Amino acid sequence: MKLEELPQERSALNGYTRELCYGKDEEGKFRPGLSSGWEVKAAALDLAWDDVNERIEEAAELVKRGKKSPLYYLMIKNLMDSSILSSYTGLWRIRVKRHFKPSVYKRLSDRVLARYAEAFNMSVEEIRGMEL
Amino acid sequence: MDSKFEHIQSAHCENGVVVKLLKSRGITQINEPMAFGIGSGLFYIHIPFLQLNNAPALSFRTMPGRIFKQTCNFLDIDYSTRRFRRPEKAAAYLDSLLEKGVAVGCQVGVFNLSYLPVEYRFHFNAHNIIVFGKEEGSYLISDTTMEASTRLDEAELLKARYARGLYAPKGHLYYIKGSGDLAIGEDELRRAVLKGIKRNVRDMLYIPGNIAGVKGIKYTGNKIRKWRDELGLRKAGRYLGHIVRMQEEIGTGGGGFRFLYAAFLQQAAELFDNEQLVRASEEFSHAGDLWRGSAVKMAGVFKGRATEQSDFNEISELFYEISDLEKGAFRRLSKIVKGYV
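As you go down the protein sequences, you meet chains G and E in turn.
Numbering-wise (this note's numbering), the first sequence opens with residue 1 and increments by one.
Numbering-wise (this note's numbering), the second sequence opens with residue 1 and increments by one.
One chain only, chain G, in its complex shape (with noise of 0.2 Å):
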């Protein structure tokens, strides 16, 4: 690729930084350029994006519908999957998947629910008041 040809195109990164690409100059020599974005990327980028929020979007359906438990909802919008936020509450797996239920969510004592809490940045309060 030539420097001069380095993408100037949209991207995520618009306003906080352009990103270090190497190309060639006239001479063929490879040397670092700055490109603002590629479009083609930027679309990689987007079509992730339109995932992610397809799956928040299920999710919060479910919260509604009364199939799963609101930390399930909480997981999904940060981006988790139970294993990860196993790991984060230092809670196994099989105990986070638990608290998925509705039933058993409604139980959950203060001290369990402020290990959540920490994982999603919020307080018990916030958790508990949540309304979809």
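Hints listed in this document are in silico derivations from the structure and should not be mistaken for laboratory results.
Note that the structure is a prediction, hence the values are computed from the model and not measured.
The C-beta atom is built at its ideal place from N, Cα and C for all residues, glycine as well.
You may find that some hints are simply not true.
Claimed, not checked - Part of the chain E face toward chain G, derived, beta carbon under 10 Å:
1) A55
2) P56
3) D95
4) Y120
5) Y206
6) N222
7) E248
8) G255
9) Q266
10) S281
11) K303
12) A306
13) Y340
14) V341
Claimed, not checked - 27 Å max Cα-Cα, derived DSSO-like pairs, lysine-lysine:
15) E:K69 with G:K2
16) G:K24 with E:K23
17) E:K223 with E:K69
18) G:K77 with E:K177
19) G:K24 with E:K195
Said to hold, decoys possible - Not close to chain G: a few residues of chain E, all C-beta gaps over 12 Å, as computed:
20) S59
21) D76
22) E270
23) S310
24) E314
For this one, chain G is given, so just place chain E on it according to the hints.
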């Protein structure tokens, strides 16, 4: 500010950290491509049974942490790397190093890094930054993928150092031991370059199994051909989007790190005054162009412009072509290196 702590920008975070840590100790010959090449950073692996963000796990570069270790090893530089079970200890240890004026590399998760745009904050834990000072309770941070240096408060840095999930950093930090300026001679540099190339040849050509190295590229090519039927267009498109991101996203320098490697070989060619290295560099430059071409084709699929089986076949053939091209280039490199031993 001390010029040794001036912010530098790099394509890839770990390369940038290596360059800057060496610079802080007076070694200026190692620029980003050199660090990447000596650290034998180029790689390819497709792990079929592992999923990352609901897509196949694949990588165009070596294991996190290896570029630093190998560059130091091959240049005979003493380094230290530590992890801590208890966060308080990790914080105290970092502070004690900073007090001594040592620049420290830290592995962090990006999910909680507030200076990055939210779109980039997945649970990705193999990011590297340099901490080079502390002022009024906040850390001076140089994230070499960014244009400018930044700051993080104590709680935020500690949270990032104790991110959880795959590659959890566990407070991982690393630095060059001792104090005062170091120097490396041209002979040492040459030796390190040869070692780096040799190791990279081994990783790409002789790694056992069919999912890694140049064979791994064909493995992915084979998979892609079948994805349209096996997964359906929608899911196949998402998988391809994931490959594009791993290959071209910030940190790669473009073309799945291949341009970075071509730049390294160009510098090596000058160092050894060797025409064959120039040819190898050209081959990787061409490979980088092909990788980028494949990204355009893959985008055609997930944008719904080119979604026939023939389009999947074309992408698959490109992967085959790249694999053969890189195989030839690494064979050439293997011969060159043998000529110097």
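Hints, one by one, checked against the model:
no.	hint	verdict
1	A55	holds (8 Å)
2	P56	violated (13 Å)
3	D95	violated (23 Å)
4	Y120	holds (6 Å)
5	Y206	violated (27 Å)
6	N222	violated (22 Å)
7	E248	holds (4 Å)
8	G255	holds (7 Å)
9	Q266	holds (5 Å)
10	S281	holds (8 Å)
11	K303	holds (6 Å)
12	A306	violated (13 Å)
13	Y340	violated (22 Å)
14	V341	violated (27 Å)
15	E:K69 with G:K2	violated (32 Å)
16	G:K24 with E:K23	holds (25 Å)
17	E:K223 with E:K69	violated (33 Å)
18	G:K77 with E:K177	violated (42 Å)
19	G:K24 with E:K195	holds (26 Å)
20	S59	holds (16 Å)
21	D76	holds (27 Å)
22	E270	violated (10 Å)
23	S310	holds (20 Å)
24	E314	holds (16 Å)
In summary, the structure is inconsistent with hints 2, 3, 5, 6, 12, 13, 14, 15, 17, 18, 22 from the numbered list given earlier, while agreeing with the others.
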